[in-house]
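Undergrad: Based on the provided sequences and hints, a complete structural model is requested.
If you read the protein sequences in the order shown, they are chains A and B.
First residue of the first sequence? That's 0 in numbering that gives the first Met the number 0, and the numbers climb one at a time after it.
First residue of the second sequence? That's 0 in numbering that gives the first Met the number 0, and the numbers climb one at a time after it.
Don't read these hints as lab results, they were simulated from the structure.
Cβ coordinates follow ideal geometry from the N, Cα and C atoms, glycine included.
Where hints are given, some of them may not hold.
What the hints assert, rightly or not - Partial pick of chain A residues on the chain B-facing surface, computed with a CB cut under 10 Å: (1) Ile-34; (2) Phe-41; (3) Pro-169; (4) Gly-170; (5) Pro-192.
As the list claims (entries may be wrong) - Derived Cβ-Cβ restraints for the label pairs, each shown as a range: (6) Pro-125/A <-> Leu-167/B: 49 to 57 Å; (7) Gly-150/B <-> Asp-168/A: 24 to 32 Å; (8) Val-254/A <-> Lys-172/B: 53 to 61 Å; (9) Leu-95/B <-> Thr-162/A: 35 to 43 Å; (10) Pro-116/A <-> Leu-54/B: 32 to 40 Å; (11) Val-254/A <-> Pro-92/B: 51 to 59 Å; (12) Thr-249/B <-> Glu-184/A: 51 to 59 Å; (13) Pro-125/A <-> Glu-151/B: 31 to 39 Å; (14) Gly-288/B <-> Thr-162/A: 21 to 29 Å; (15) Ser-51/B <-> Pro-116/A: 26 to 34 Å; (16) Ser-273/A <-> Arg-169/B: 14 to 22 Å.
For reference, the chains in residue letters:
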Amino acid sequence: MTADTAPPDAAGTARQPPPQRPQHLRRSAMTVAPIAGLVVVFGIWEFYVRVFNISPLTLPTPWSILVHLRHEPGFYWRHAQVTLLEAAWGYGLALGASLIVATFMAHSRFVERASMPVIVLLQSTPVAVLAPVFLIWFGFGHWPKVLVAAVFCYIPFTINEFTGLRSVDPGAYELLRSVSASRTEIFWKLRFPQSLPYLFSAGRLCVGLALVGAVIGEMFGGSTEGLGNTARVGQVRLLIDQLWGSIFVLALIGVIGNLLLAAVETRVLRWHSSQDLPGGSAATL
Amino acid sequence: MTRRSRAAYDVAVPAPSPGGGRTAAPASPASARSIGAPVSIRGVSKWFRTGSSFLHALDEIDVEIRPGEFVSLIGPSGCGKSTLLRVVGGLLPYELGTVTVDGNSPAQARDTKQIGFAPQTPSLLGWRTVRRNVTLLAEVNRRGAIHPPLGESEILELLETVGLGDFLDRLPKELSGGMQQRVSLVRCFALGAPVLLMDEPFSALDEITRNEMRYLLLDLWERTGHTVVFVTHSIPEAVILSDRVLVMATKPGRVVHSETIGLPRPRSAQMEDDERYLAHMRSVRRALGEVSAR
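TA: The following block contains the structure:
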């Protein structure tokens, strides 16, 4: 009997392998799944508001919010650009600072012990209260918002990167030591690449946090532009469509940011077990 | 602290049998190399600090290893085999005695890349392909190396030898455990170091793969002629691979028996039925039994 012939059962007839769905159907199902989830949630929302006759001042329907967005694309695009820029700067600043600090922490117990109280202090402080402080220090420009976004992102980035840099494979570390590889070589050949899954994990968390930071900065920072400002104005002036429109655009930016990062992650971390799930990291969206 | 005298286990490497031996390995760029270096371990003792007390890990180890010799260390868990390996490799300090690798201290040997190390697990870097994992050790500390690493064609030849010629651009996660261990072995040889230290490299493999790996290792070694110190828990593995098997005892770790393996080279699986092989097996097993009974 050849290896690919199905063994006969008791009656002597060849058993067939269990039927499987074709690969392309499974892939399509994986692509459709997130859309299906959104449709279900928005469907229930729309149904609830219409059936129970909820006041639009309390909760507008998702459809009415989408219609409002379609009528004011320029307005939202202008403000979204401001928030996006502040969030991106904050994200980048936090990433850069955390890479430097985490590298020093991973290489020196002294620096690690000296940094930990500061990190715990920052972690325990509601960062939103820093917005007025930054306003006093840096005025009404973009910098206070950028800094609030950076402070929001700094802790997850630093802790994850530090953990990643410390979590080296002991066998590989010993192997590099056995040929007297320098600290710099061990960092670039082993520590940094091995820390990337941790860094991406923090990166995805921080996409949302950077937006939250920028919005809080705009709300508390006396801003006249940005989606945080449009949401605040919408709430104060009972422009409920504008309030919800701002929320929808912020959510959309967050989703797009996460998708872009997931695409990069899938490419950069194709060697990592986290990418073995169907659809890679994007599947978690 | 008292120091007991102990005769050095400096048994000569058996001469290759007529028609066999390392010279019989197929001609190839790699086979042109015969770069084994001597390793000398004299009166080496080591202690580990455990809280407020000290654990006597190695006691007066005396071993002379000749260039190109294949020596296996075997013994119960905790007898200091891996510790001795790391002392020779300059990865652990020791308190008494002297260790030299081709006349250099372990630290100097490490700095000049005279030692290749194969850890227990393959420890491949997941983001590097097979080809780039193999060249990893050659890429670091380039200035220190006094022996040139294998060239690309030699590395490709070794990878072909171990059956990985079609997997050069694959990532480690795409390989089986046995294939990953083969990459680890080639990486160790590719460094071009005269002394190779192997710490139970096949311990995580199933018996069939492990058996296959023994002969792959023999094939690689017979082409290159490195000095190899090989830690194992397997008596058959130690006997079929080695020129000499050193049996170690625990508490403290010390060498209690040296078995010179008189089997001709090159060795093959057929030799496992040879009466001389079985006699060596019995002898090593008896020595291990005595160690366990103490």
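Undergrad: Hint by hint, work out which the structure violates, then give me just those numbers in ascending order.
TA: Result: hints 1, 2, 8, 12, 13, 14 break, sorted rising.
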